[in-house]
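All residue numbers for the first sequence refer to our numbering, where the first residue is 573 and numbers rise by one.
In case anyone wonders, no lab produced these hints; they're calculated from the structure.
Warning: the hint list may mix true and false statements.
[To be verified] In silico PhoX-like pairs for lysine-lysine, Cα to Cα no more than 25 Å straight-line:
1) Lys803 / Lys756
2) Lys584 / Lys859
3) Lys830 / Lys574
4) Lys800 / Lys830
5) Lys584 / Lys699
6) Lys859 / Lys886
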Amino acid sequence: MKQSFLFTKTRKEAPKDEVSKNAQLLIRAGFIHKEMAGVYSYLPLGLRVLKKIEQIIREEMNAIGGQEMLMTTLQDPAIWQKTNRWDDAVVDNWFKTKLATGSDLGIANTHEEPLTNILRNHINSYKDMPLYAYQFQTKFRNELRAKSGIMRAREFLMKDLYSFSRGEEEFREFYEKCAAAYLKIFDRVGLGALTYRTVAAGGSFTSGFTDEFQTLSTAGEDIIYVDKKKKIAVNKEVYTDENLRKLGLKKEDLVEEKSIEVGNIFPLGTKYSSALGLVFIDKDGVKSPVVMGSYGIGLGRVMGTIVETLSDEKGIVWPEAIAPFKVHLISLGEKGSASFVYAEKIYTELQQKGIEVLFDDRPTRAGEKFADSELIGIPIRVVVSDKTLEKNGLEVKRRTEETATIFTETDFFALF
RNA sequence: CGGGGUGUGGUGUAACGGUAGCAUACUUGCUUUGGGAGCAUGCAGUCCGGGUUCAAAUCCCGGCACCCCGACCA
């Protein structure tokens, strides 16, 4: 894409009402637009990143047998009443609205109920399971206090997968598979080194533990105790001597850290299947409720966490796998000049090879282009100018490195 | 939801109750061209509703919005 075509602009200053680093940088660089507190639009650059994160998650979910679907935002209160989660006194962050006829309607904040209800039409026998369904869908949560930029929003895109198993053992097997897939996902998006599977409290679903995936960051809201050798952590909420003993962890190996919850997985047992009548008949003709699990990742939060943890003082530093473009090609020559024509040639060739490139063809000054490039954070910066032309090459600089190197055209294309 | 704070051009900021100014961005022109250029030019603003006052960005009341701390976070 030519940068002159991109409609977003960068800014030197962040809006005064944004304090979090992720929102400041993402707004300055033109990735997102704040609509209101906790509600952000994704602009072209931001959407590119979001889609890459989505695709990585999709690949890993498909790899463990997930089937993608898409459920509705508008929700029928009736099925939520069956699990007692319609009442505002029970679930306090509902957005609710009404049909023109006057009847109540919910705006979905999660999808255990609707999916369980859907599957009543598709699960009858033990032969119909195990079954794993997931979606990328917008959730609405009426948070009393939105904060931390895109990290805790009122409207956000979430991958939610639900597992349907014939028994506890079968459920556990998938649960562990999914945990492994999650670690892969966080690794692929560039958060692997900072992200820990973390033992947490059971929430309101079960009495046992659940698992969170926590990324170390001073911007985090959670406090966890990390065993860096064993690559595991314990959330403060379950940090007791007894629990540590159960988990086989020693207090002296644990370090207290602040962290961001980038994903979670938890057992649902038969809470929803029982309440909504999702049962199956086993080999012996006996009816039992389906054993369920739930597995979530907030895409915006992952994106925000990457900005929080990997940026530097000049701007964002995108890991290659999720960067909006792989190459930021900068022409310093005037339109029509020899170096500009050469830059256009490189641009065309990169595109022909299927390499995503943002071509800064704007008639602006070098300093501004460099500053923008660092702010936007594309992994590889390539400069074409009279100087590089004289040297018969291209100036290549990685966003993570300080120094630039002159490459010949051949060596440059060999990078990909 | 409790406590605190703040609302001024697109963005960042200034103005004792007395002419709303600066910077940036944007328009146009000339110069400049490897680290957010210079000169000139044009465009653009006091959150909303009341009140006090000769006079309100400024003081008072109400509302709304945003930020922070806490609580909450299926």
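Verification of the supplied hints:
no.	hint	verdict
1	Lys803 / Lys756	holds, 14 Å
2	Lys584 / Lys859	violated, 64 Å
3	Lys830 / Lys574	violated, 40 Å
4	Lys800 / Lys830	holds, 14 Å
5	Lys584 / Lys699	violated, 60 Å
6	Lys859 / Lys886	violated, 61 Å
Hint violations for this structure: numbers 2, 3, 5 and 6, all remaining hints satisfied.
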